[in-house]
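Student: Residue numbers (numbering that gives the first Met the number 0), protein chains in the order written: chain W, 0 to 429; chain A, 0 to 429.
Think of the hints as simulated: they come from the structure by calculation, not from any bench. Certain hints may be false.
Because identical chains cannot be distinguished in the list, a pair is counted as satisfied if it fits within a single copy or across any two copies.
List of simulated lysine-lysine pairs, DSS-like, C-alpha gap at most 30 Å [as the list claims (entries may be wrong)]: (1) K199 - K113; (2) K291 - K281; (3) K8 - K42; (4) K336 - K68; (5) K16 - K177; (6) K96 - K384; (7) K281 - K426; (8) K274 - K426; (9) K393 - K336; (10) K281 - K424; (11) K42 - K16; (12) K426 - K290; (13) K336 - K90; (14) K199 - K177; (15) K336 - K274; (16) K199 - K27; (17) K384 - K113; (18) K37 - K177; (19) K42 - K27; (20) K37 - K220; (21) K426 - K78; (22) K199 - K384.
Here is how the chains run, residue by residue.
2 protein chains.
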Amino acid sequence: MEVYNNPLKNDWDRLCKRPVSSWDEIEKKVLPVLIGVKQEGDKALKRFTEQWDGVVLDELIVSDAEIEKAADAIEPELKNALHTAAANIRKFHLIQKDPERILETMPGVLCWQKSIPIQRVGLYIPGGTAPLFSSVLMLAIPANIAGCELIQLCTPPRSDGTVHPAILYAASIAGVNKIIKVGGAQAIAAFTFGTSTVDKVDKIFGPGNQYVMAAKQLSLKYGTAIDLPAGPSEVLVMIDESADPVLVAADLLAQAEHGTDSQVVLVSTHSNYIKPVITELKKQLEELPRKKFAEKSIENSLALSFDSLSDMINFVNHYAPEHLIVSMADADYIAEKIIHAGSIFIGHLTPESVGDYASGTNHTLPTNGYARNYSGVNLDAYLKKITYQKLTSKGLQTLGPEVVLLAEAEQLKGHANAVQMRLDKLKEES
Amino acid sequence: MEVYNNPLKNDWDRLCKRPVSSWDEIEKKVLPVLIGVKQEGDKALKRFTEQWDGVVLDELIVSDAEIEKAADAIEPELKNALHTAAANIRKFHLIQKDPERILETMPGVLCWQKSIPIQRVGLYIPGGTAPLFSSVLMLAIPANIAGCELIQLCTPPRSDGTVHPAILYAASIAGVNKIIKVGGAQAIAAFTFGTSTVDKVDKIFGPGNQYVMAAKQLSLKYGTAIDLPAGPSEVLVMIDESADPVLVAADLLAQAEHGTDSQVVLVSTHSNYIKPVITELKKQLEELPRKKFAEKSIENSLALSFDSLSDMINFVNHYAPEHLIVSMADADYIAEKIIHAGSIFIGHLTPESVGDYASGTNHTLPTNGYARNYSGVNLDAYLKKITYQKLTSKGLQTLGPEVVLLAEAEQLKGHANAVQMRLDKLKEES
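Please build the complete structure, drawing on both the sequences and the hints.
Tutor: Listed below in structure tokens is the structure:
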């Protein structure tokens, strides 16, 4: 852990820098995968699955029987917990529905906006050591609330050709319509172009390694939309004298265990509060099953202290963390001052883990400083809006002459004509 | 105009295809401009401006004196019309503010979401034959309502080194903070990297030619966000026996006059209603100042008729037009059935021109089928959302054990620890 007291503002950019992948190199590797799937469809998917996942599959789609079997394979306690998480996520995303309001901007000029579900969405769930069923809930529940017609999930098969039952069970309670055993850039390619088994989608959601991310970025060129540009996960914890070093260390390790590239930052009101956290970190690290990841990530992490509270807040906004835990006495006040963060965890009793799983907020959040210009995934991410207008004859008579004037000033006579001819016709008719 | 009666569904993809630019070629031309501006800043901006706009500028920024002078140079009638348009746009975007609601997903588990303005936005306004002051209003007013801190506008200088007074006046009434005389890909580069004169921004908005569009796409790789991927403007007009061929032709021409690549589609409930529109088109075309653009665009346009109303509606959704005019007796019913469009103009008295300028809706809309997965520019485009959560001890005691279970099932012991240690501490304290 690198420790700084009152780092100079000139150094803030450097301190806030995340490790950058060379996109061009990765894109070069991923492009042939996209082209392969575009040209050969399922055949390419099976070939890549054999090549990279080491599994030969006859059938890419998960059968109803497999889904039913999954439900039996899960402990009742885990089922309950999944249902609790799903219920909270559902509640929080349900209140995000916009009311539809018709506005009369002028007499006889009616304008409104309506949210319409994006019809076909593709959710990507990575494989790896642990089954990320929480991401299934986070991505599928809002899609279901939005009313997306096709909620399709791709995830790589395990070495025995199956998908972890917790993934299948989460998908079934969250409203996923279709599950396909394919991972990596080839899954993103299938979402982008469609194959016999995988439907082409309008928008792709979900986390993944750098190949998946590069494939998502490339898919934009072929007309899809994506949820977020993404990088390694991050936490920034703000502490003062009221913070318990044991809990702060646990919060930092909860982030660090994700992977060696996880970004962990501690920001303190005083340099004195940093050392006890570091001592605790070392102690807790020893007991952690994923020690090898967390150790590396903690090595590259930062601990900063600021004498000035406003500098401290400015630094946090400069960093724009994905997750921000405010473990300070005046946590509400501090949280109000933050303008760049993905999700904020307020007070000593709100660890990031609750948001990762079950408080109700979404855990798909902007990393790598993107909290400056992107929202995390929310209900809106599954909707697009159409605007409408309808003019009465009175509306056209009031607004029309102004539009004619504006169109002519822009030298667009055709635009003016479309209004003037209607005004003339109304005059004739009256 | 190509005419089809009941086109086969197999042909719909082909009929809906827009002209595609070869992005790779354009990107190759644009990348050196981005790199040049990144490395040399204002010096590169001045060089490119001399090279492509044929203007040598000492000062890139528009002075306060220039803005004041612009106000005097504009006719009072045009000023009034601009204020009417601005007032309607303001009203319509103001009602899009979301209410902030705190939800208790479980007792003691408080979750909420807050909209925060994107701090620095860059608005691009193209040059060309006519001053596009309407785009200034459409892009700057919602930025102002959102509360963006920096609203910066770039537009190319005219051959005499000035900016059209209507652009400057529109910018001043819409709340733009800073105007810079620079256009093309170099303007987008300046927004992306910042120079001595131009501030780096978080999100770039606005229309432009294919070089500007390619530069916006490339800017994504450097951490900015953009409003929309974009292509040539489009209109689709739906007609039945109640439509007046004179007005329909005027609507088609209002779109066609934008440029030779404008997309114009007529869709009719019967083949009989097409011919009178074509006759009128030819007649009105002769009188149009921008005949040379419109003529070419009309040549490449489509007219389709469908015996089945549901096929007709399905085709329109398949096309996903930027602008949709419903000139049909039952326009409200038809508009309800459309799920893919940027903006819908309902009934015989609602020409697209009113939305282009002054009804209140935004005219920055998804083209090229992107209405399937993108909204047009609205207030949300200038905001990003942070989620918050705060647990009481009761909340943690209720939800905590479930989170521990879920985290352990995902094999993330560190996540479980951060909760369990808090639960243990609460137990000790009680």
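Student: Are there hints from earlier that the structure breaks, and if so, what are their numbers?
Tutor: 4
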